[in-house]
Amino acid sequence: MPPYPQNKNGLSAPWPWLVTVLALAGLAALPVLVVATNLLVPSQGTWSHLADTVLGDYVANSLALMGGVGLGVTLGGVGTAWLVTMCRFPGSRPLEWALLLPMAMPAYVVAYAYTGFLDYAGPVQTALRALFGWQSMRDYWFPDIRSLGGAIAVLVMVLYPYVYMLARAAFLEQSVCVLEASRTLGRGPWRSFFGIALPLARASIITGLALALMETLNDFGTVQFFAVDTFTTGIYRTWLGLGKPAVAAQLGAVLMIFVAVLIALERLSRGGAKSHHTTTRYRRLPRIPLTGGRAVLALLFCALPVALGFVVPAAMLAAWTIEVGLAQSFGGDFLHLAKNSLLLALVAGLAAVAVAVVLAYAQRLHPRPLVRLAVRVASLGYAIPGSVIAVGIMVPLIALDRSVARTIESWTGMSPGLLLTGTVFALVYAYMVRFLAVSAGSVEASLAKVTPSLEAAARTLGCGTVAALKRVHLPMIKGSLLSAILLVFVDVMKELPATLIMRPFNFDTLATRTFTFASDERLASAGAPALAIVLVGLIPVLLLSRAIAKSRPGESE
Amino acid sequence: MSPQTGLSMQGISHHFGKMRVVDDVSLNIAPGELVCLLGPSGCGKTTTLRIAAGLEAPDAGTVSLNGAVVSGNGIHLPPERRHVGFLFQDYALFPHLRVLGNVEFGIDSLRPADRHARAMEMLEQVGMADYAGSWPHQLSGGQQQRVALARALAPSPALMLLDEPFSGLDKRLRDLVRDETLQVLKRNKVATLMVTHDPEEAMFMADRVAVMRQGQVMQFDRPEVLYNSPADPFVAAFFGEVNQWHARPQGGMIRSPLGDFACSHDGECDVLARPEAVRMESDGAIVARVLTARPLGPVSLLHLLVADPNGGNLEIRARLACRSLPAEGEIIRLAVDPTQVFVYPRA
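As you go down the protein sequences, you meet chains A and B in turn.
First residue of the first sequence? That's 1 in my numbering, and the numbers climb one at a time after it.
First residue of the second sequence? That's 1 in my numbering, and the numbers climb one at a time after it.
Since the hints were made in silico from the structure, they are not lab data.
Hints may contain errors.
Said to hold, decoys possible - Simulated restraints, written as ranges between beta carbons of each label pair:
no. : chain 1 : residue 1 : chain 2 : residue 2 : range
1   : A       : Ala181    : B       : Gly168    : 29 to 39 Å
2   : A       : Arg368    : B       : Gly168    : 51 to 61 Å
3   : B       : His116    : A       : Leu350    : 52 to 62 Å
4   : A       : Lys449    : B       : Ser134    : 13 to 23 Å
5   : B       : Lys18     : A       : Pro94     : 52 to 62 Å
Said to hold, decoys possible - Away from chain A, derived, C-beta distances all over 10 Å, residues of chain B:
no. : residue
6   : Lys18
7   : Ala53
8   : Gly54
9   : Leu55
10  : Glu80
11  : Glu121
12  : Glu124
13  : Tyr131
14  : His137
15  : Ala152
16  : Lys171
17  : Pro199
18  : Pro249
19  : Ile254
20  : Asp283
21  : Leu305
Stated by the list, open to error - Looking from chain B toward chain A, a few residues come up when the C-beta cut is under 10 Å (computed):
no. : residue
22  : Arg50
23  : Pro79
24  : Leu97
25  : Arg98
26  : Gly106
27  : Ala148
28  : Ala154
29  : Leu161
30  : Phe239
31  : Gly240
32  : Cys263
33  : Pro338
34  : Thr339
Every value quoted in this text rests on a predicted model; they were computed, and no experiment measured them.
Just so you know, even glycine gets a beta-carbon here, dropped at the ideal spot from N, CA and C.
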C-alpha cells in the first residue's frame with residue numbers, strides 16, 4: 001500500500017487552524033519585518049553621524065569577535081568531541097557529559113566572574129603578588145580581561161558546547177564501518193579522522209559554529225561590561241540613552257544582515273554536502289586507548305574547557321555569595337527577583353510551547369507550502385539578537401499605543417497612557433519570538449510519534465481536531481512538552497538585552513539585577529542572583545547529559 | 001436491496017495530484033453484509049475505504065450512510081460525525097491509554113458506569129476482558145487486533161471499515177483471528193467494508209467481493225460467481241496463476257491444447273485455464289508429458305508439455321491431487337473441467 005497521503009483534508013474543515021497559524025506566524029515575523037524595513041527608511045542626521053563615527057567600530061569589533069570566537073569554538077568543540085568519542089583515556093567517560101556544563105553559564109555571568117577573579121584584588125593577582133613579592137600594580141604587567149581579547153575568551157568558554165554537542169553527535173552517527181574501510185585502505189587513525197570523519201561531520205560542525213556565532217552577535221552583557229562597542233551595545237545606547245528608536249532600528253537592520261549571511265552560509269554548507277550514510281550497520285566504536293603522556297594531554301585538553309567555562313566561574317560566584325553572607329544574598333530582594341524571573345520564564349515557556357503546538361498541529365492538518373513557509377518564518381527568531389527583537393516590537397507597539405490613546409482621548413477626553421508598551425505582555429511576546437524555535441523544534445519532532453492512523457482512529461471514534469489534540473496528541477507528547485517548556489524557561493531566565501530594553505518600569509529579574517550590580521561595580525553582590533541563574537540553567541544541561549549517558553546511538557547493534 | 005440502509009457509494013472518483021486513484025466506483029452494502037475490496041497494491045481500494053470513512057473527501061460522487069448523504073452534493077461530513085468504525089492495518093491503539101481506556105475512547109458520551117459496562121462487553125466478545133488493565137505494548141499482534149476491533153465496535157457504528165486488518169499477523173494466527181473477527185462482525189450485524197489483497201481472505205470473509213484495478217471496480221459479486229465466472233482475464237487471474245494463451249475462433253469454436261471450446265466472439269481471444277482445470281484420468285482426451293512434478297501437500301504442482309492443435313507444443317501448469325507423483329518424462333492422460341477454462345475477446 002502506498003503510505004497515506006498526509007491529510008489532503010477530508011478531516012473536517014479546520015480552516016480556523018489555517019487562519020490561526022498564519023496569524024501567529026505573522027505576529028512572530030512582525031518584529032523582524034519592522035526592523036528590516038528600516039534598511040529602506042531614508043537616513044536621518046543622527047544615522048549619518050553614527051555612520052561617520054561609531055559604525056566602523058561596530059563592524060570591526062563584531063567581525064573580530066566572530067573571527068576569534070569562530071576559531072576558538074571550532075578548535076575546542078571539534079577537538080574535545082573527537083577525543084571523547086574516539087579515544088579512551090582516564091576521565092573520558094565523565095568528561096563526555098561534563099563538557100556540556102558551560103552551557104549553563106550565561107556569557108555575561110562568566111565575564112563578571114572572571115573580572116573579579118583576575119582583577120587587582122582578585123585571587124590570581126593577590127597570589128602572584130604574594131609569590132613574587134610585588135608591592136603594587138607598577139611592579140608587574142597583567143593582561144586586562146576587559147578587552148576585545150577578553151570578550152573573545154569568555155564567549156569561547158561558554159559557546160564551544162554548541163560545536164562540541166553537534167560534532168559529537170555527528171561522530172557517533174558515523175558508522176565505524178566507513179572508518180574501518182579507511183583503515184583497511186591503508187590510512188592510519190589520524191589520517192582517517194582528517195580524511196573521513198571530519199568531512200562527514202562538516203555540516204554538523206558548521207551548524208554548531210553558526211549557532212555559536214549567532215549567540216556571539218546576540219551577546220550584550222559581556223561586550224557592554226568589557227566596553228567593546230558592538231551593534232548590541234549601540235542599539236541599547238541609542239534606544240535608552242539617546243532615545244532614537246529609528247536609529248536603533250537601523251543599527252538592528254545592519255546587525256540582521258550579519259545574521260542573514262550566517263544563515264545563508266550555514267544553509268549553503270548543508271545543501272552542498274548532503275552526505276548520506278552509505279551503511280545502516282552500526283557497530284560499537286572501537287576507542288583508541290591512550291596512555292602515558294598522550295592520555296595526560298588529552299585529559300588536559302578536555303578538562304580545561306570544563307574548568308575554565310564552569311568550575312572557576314561557578315566557584316567565584318559561590319565565593320561571592322558566601323562573602324556577602326547567605327542571609328544577605330538570599331534575603332530581602334532576592335526572593336522578589338526570583339519570583340519575577342520564575343513567573344516570567346514560566347509564562348513565556350507555556351506561551352512558546354502553546355504556540356508551537358498550534359503551529360505544529362496546523363502544519364499536520366494543512367501540509368501546504370504556505371503553512372510550511374509560515375512556520376519557518378515564525379521560527380526565525382532564534383537567529384535574531386534579543387536587542388533587535390526588542391526594538392522591532394517596541395516601535396510598532398508604541399505607535400499602536402499612541403493611536404489607541406489618541407482615539408480614547410478624543411472620545412473621553414482622558415488619556416489612558418501607554419497600554420502595552422513597557423508591560424509584561426510585551427516582554428513575553430518578545431521571549432516568544434526569540435525562543436519559539438526552541439519549543440517548535442521539539443514539539444514538531446515529538447508529534448511525529450502520533451502516526452496518521454492514530455489520528456484517523458481518533459477521528460473515526462468521534463473526535464474533532466481540538467478533541468483529538470487534547471485526548472490523543474497532547475497526552476502522547478507530554479514528556480516532550482515539559483522539556484520544551486523547560487528549555488524556553490531556562491533561556492528566558494538567562495536573557496538579558498531584550499529584558500533590559502522592554503521590562504516594565506521598576507521591574508527587575510535575576511538577570512537584570514545581576515547586570516545592574518555588575519555595572520555598578522558591585523560584583524560580589526551580583527554573585528547570588530547569577531548563581532541562581534546558573535543553577536536553574538544546570539537542569540536542562542543535566543537532563544541532556546543523562547540522555548547522552550543513557551543512549552549511545554553509535555554503540556547499539 | 002434498499003438504498004435506505006447501510007452504505008451506498010455512487011460514482012466516486014478521486015485524484016492525488018494528476019493521478020486518478022479512484023475512478024467512478026459505485027458500491028452498496030446492506031446492514032449485516034460484509035463486502036471486500038480486493039485488488040493489487042495501488043488499485044485505489046484503501047482510498048475508497050478512506051472516502052467511506054470521511055478521511056478523504058472525494059472529488060466526485062456521493063456517499064450515503066443509512067440514507068443520508070455524507071459526502072457529495074457539496075456536503076462533507078467529517079469522520080468524527082459519521083459514526084463509522086475503522087480497523088487500521090497497524091491497529092492504531094493509543095499507546096498512552098490502557099486497553100480499557102482505548103475501548104472507552106469512542107463512547108465517552110455515555111455515563112461512566114454504562115461506558116465501562118459497554119467496553120467490558122465488547123472486550124468480552126473478543127475474548128480480551130482479562131487484559132482490560134494492560135498497556136497496548138504488552139499485547140501480541142493478535143491481541144492488539146482484537147482490542148482494536150472491540151474499540152471500533154464499541155460505539156455501535158453504522159458501518160465498519162477494515163483496512164487489511166490481518167496483514168500484520170503470521171499465517172496460523174491469521175486464520176484463527178479471521179474466523180473470530182467474522183463471527184464478531186456477524187453477531188453485531190454491522191455493514192462492513194474490508195480491504196484486502198488476499199483473494200483467499202476475501203473469499204473466506206466476504207458476502208460479496210468487489211475486484212478493483214487501477215481505480216475501477218472490475219466485478220462486484222458473490223465470491224463463487226467471481227471464481228466461477230470471472231468477468232475478464234484480470235479477475236480470473238487474480239485468484240491465482242493461470243495458463244493463458246490466445247487463439248482465433250473458427251466457426252464458433254476455439255481449438256486449444258486443452259480441447260475445443262465454444263466461442264461466440266470473432267477475432268483474437270484470450271483463453272485462460274486455471275491450473276485446477278485438469279485432472280489425471282487414464283482415459284482422458286489430452287496427452288501430456290511431465291516436465292517437473294513437485295508435491296505441495298494436499299495437491300501437486302506439475303509442469304506439463306501438451307501438443308498445440310495449431311502447431312508446436314505448449315507448456316502448462318497443473319495443480320492436481322494424485323496419489324503417486326508421476327515421474328519426470330512420464331506420459332500421462334488428462335481430462336479437462338470446462339468450467340475452469342475461460343474465453344475472452346482480446347481488447
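Against the structure, the hints:
Separated by about 37 Å at the C-beta atoms, A:Ala181 and B:Gly168 satisfy the suggested range of 29 to 39 Å. Between A:Arg368 and B:Gly168 the Cβ separation comes to about 32 Å, which falls outside the hinted range of 51 to 61 Å. Between B:His116 and A:Leu350 the Cβ separation comes to about 34 Å, which falls outside the hinted range of 52 to 62 Å. Remark: the range hint 13 to 23 Å for A:Lys449 to B:Ser134 is upheld by a beta-carbon distance near 20 Å.
Distance hint check for B:Lys18 and A:Pro94: the Cβ-Cβ separation is about 58 Å, which falls inside the suggested range of 52 to 62 Å. The claim that B:Lys18 is not at the interface with chain A holds, since no C-beta of that chain comes within 10 Å of its own (minimum 13 Å). A beta-carbon of chain A is positioned within 10 Å of the beta-carbon of B:Ala53; the least distance is around 6 Å. Once the 10 Å rule is applied to beta carbons, B:Gly54 is inconsistent with being away from chain A; the minimum gap is 6 Å.
For B:Leu55, the condition that its CB be more than 10 Å from all CB atoms of chain A is violated, with the nearest at approximately 5 Å. Not every CB of chain A is more than 10 Å from the CB of B:Glu80 (nearest about 5 Å), against its label as outside the interface. Listed as a non-interface residue, B:Glu121 keeps its Cβ farther than 10 Å from every Cβ of chain A; the least gap is roughly 17 Å. Residue placement check: B:Glu124 keeps its beta carbon more than 10 Å from all beta carbons of chain A (closest about 20 Å).
Every CB of chain A lies more than 10 Å from the CB of B:Tyr131, the least distance being 19 Å, so the non-interface label holds. Residue-level check passed: B:His137 sits 13 Å from the nearest beta carbon of chain A, beyond 10 Å. The Cβ of B:Ala152 sits about 8 Å from the closest Cβ of chain A, inside the 10 Å cut-off, so the non-interface label is violated. Chain A leaves B:Lys171 outside its interface by the beta-carbon criterion, the shortest separation being 19 Å against a cut-off of 10 Å.
No beta-carbon of chain A is positioned within 10 Å of the beta-carbon of B:Pro199; the least distance is around 17 Å. Under the 10 Å C-beta cut-off, the non-interface status given to B:Pro249 relative to chain A holds; the minimum distance is some 40 Å. No Cβ of chain A comes within 10 Å of the Cβ of B:Ile254; the nearest lies about 39 Å off, and the non-interface call holds. The claim that B:Asp283 lies off the interface holds: its Cβ sits roughly 49 Å from the closest Cβ of chain A, which is beyond the 10 Å cut-off.
Interface exclusion of B:Leu305 from chain A stands, the closest Cβ pair being 39 Å apart, more than 10 Å. Evaluation of the B:Arg50 hint against chain A yields a held restraint, the C-beta minimum of about 7 Å falling below 10 Å. At about 4 Å, the closest approach between the beta carbon of B:Pro79 and any beta carbon in chain A falls short of 10 Å, and the interface hint on this residue holds. At its closest, the beta carbon of B:Leu97 sits 8 Å from a beta carbon of chain A; the interface hint therefore holds under the 10 Å criterion.
With its C-beta approaching chain A no nearer than about 12 Å, B:Arg98 sits outside the 10 Å limit, and its interface hint is violated. With a least beta-carbon distance of about 3 Å to chain A, the hint placing B:Gly106 at the interface is held under the 10 Å criterion. Of the supplied interface hints, the one on B:Ala148 holds, with its beta-carbon coming within about 8 Å of a beta-carbon of chain A, less than 10 Å. Interface restraint check for B:Ala154: the shortest CB-CB distance to chain A comes to about 9 Å, inside 10 Å, so the restraint holds.
Look at B:Leu161: its Cβ gets to within about 8 Å of chain A, closer than 10 Å, so that hint holds up. Contact between B:Phe239 and chain A, as hinted, is not supported at the beta carbon level, the nearest pair being about 20 Å apart and thus beyond 10 Å. For B:Gly240, the interface hint is violated, since its Cβ never comes within 10 Å of a Cβ in chain A; the closest pair sits about 21 Å apart. A distance limit of 10 Å between C-beta atoms decides the matter here; for B:Cys263 the minimum to chain A is near 38 Å, and the interface restraint is violated.
Given hint, B:Pro338 at the interface with chain A, is violated; its Cβ is 37 Å from that chain's nearest Cβ, farther than 10 Å. Given hint, B:Thr339 at the interface with chain A, is violated; its Cβ is 34 Å from that chain's nearest Cβ, farther than 10 Å.
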